[in-house]
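J.: Sequence:
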Amino acid sequence: EKMGERKLNITARGMVVAEEEEEEEEEEQQLVVVQDITERKRAEAQVKELERYLQLQVDRMPIGLIVWDTDLHVQSWNPAAERIFGFTAREAMGKHAYDLIVPKHVQPQVDALWHRLLEGDDAVQNAHDNVTKDGRLIVCQWSNAPLRQANGAMVGVLSMVQDITERKRAEDSLVESNR
5 EKMGERKLNI TARGMVVAEE EEEEEEEEQQ LVVVQDITER KRAEAQVKEL ERYLQLQVDR
65 MPIGLIVWDT DLHVQSWNPA AERIFGFTAR EAMGKHAYDL IVPKHVQPQV DALWHRLLEG
125 DDAVQNAHDN VTKDGRLIVC QWSNAPLRQA NGAMVGVLSM VQDITERKRA EDSLVESNR
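Residues 5 to 183 in the working numbering are what the sequence shown lists, from first letter to last.
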């Protein structure tokens with residue numbers, strides 16, 4: 005070998021590479037360790053694909069999906085929630101429900117429901133008035149479930165919501181016409 009040339013010794017599995025450098029006056033040896041990360045990269049790609057697939061499902065849901073933190077601030081707001089309430093996800097993120105969609109007269113009812121969720125109820129369903137970005141009162145059906153970590157610690161609440169204003173009006177009209 006000529007001066008400055010390197011000879012590489014690679015193990016059969018491709019996990020360890022030994023590099024030897026020969027020079028005219030003294031012999032210097034270097035050891036380089038290489039780790040095969042193919043499986044890790046494949047797993048990371050699978051996780052990203054699953055995240056995209058889950059986000060696609062949330063974005064395409066015909067029902068509003070809102071994730072709240074334990075203090076009732078918006079953490080996630082899907083396109084159906086945007087259509088129902090008129091607020092974009094960007095406008096809603098981080099806002100407290102009372103500053104966004106819960107009218108004053110409904111706040112005591114929401115306080116009681118929220119307390120039930122925080123105390124351990126697995127699901128709370130209810131229907132009540134909400135307010136839209138343009139100030140209209142609408143009636144919404146809510147299904148709420150606590151989000152808990154594996155150790156049981158509550159990290160938030162998942163809410164699914166539907167605007168049932170037209171159905172409620174039709175029901176009220178039917179009741180009124182039967183009197």
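Quick caveat, the hints were computed from the structure, so don't treat them as lab data.
None of the values given here were measured: they were computed from a predicted structure.
Hints should not be assumed to be uniformly reliable.
Said to hold, decoys possible - 25 Å max Cα-Cα, derived DSS-like pairs, lysine-lysine: (1) K99 with K137; (2) K172 with K137; (3) K172 with K108; (4) K108 with K137.
Unchecked claim - Ranges of calculated distance between the beta carbons of each label pair, as one might list FRET restraints: (5) T42 with R171: 47 to 57 Å; (6) A127 with V62: 11 to 21 Å; (7) L35 with Q59: 17 to 27 Å; (8) R46 with A154: 23 to 33 Å.
Ideal placement from N, C-alpha and C gives every residue a C-beta, glycine not left out.
J.: Tell me, which hint numbers fail for this structure?
T.: Violated hint: only 7; rest satisfied.
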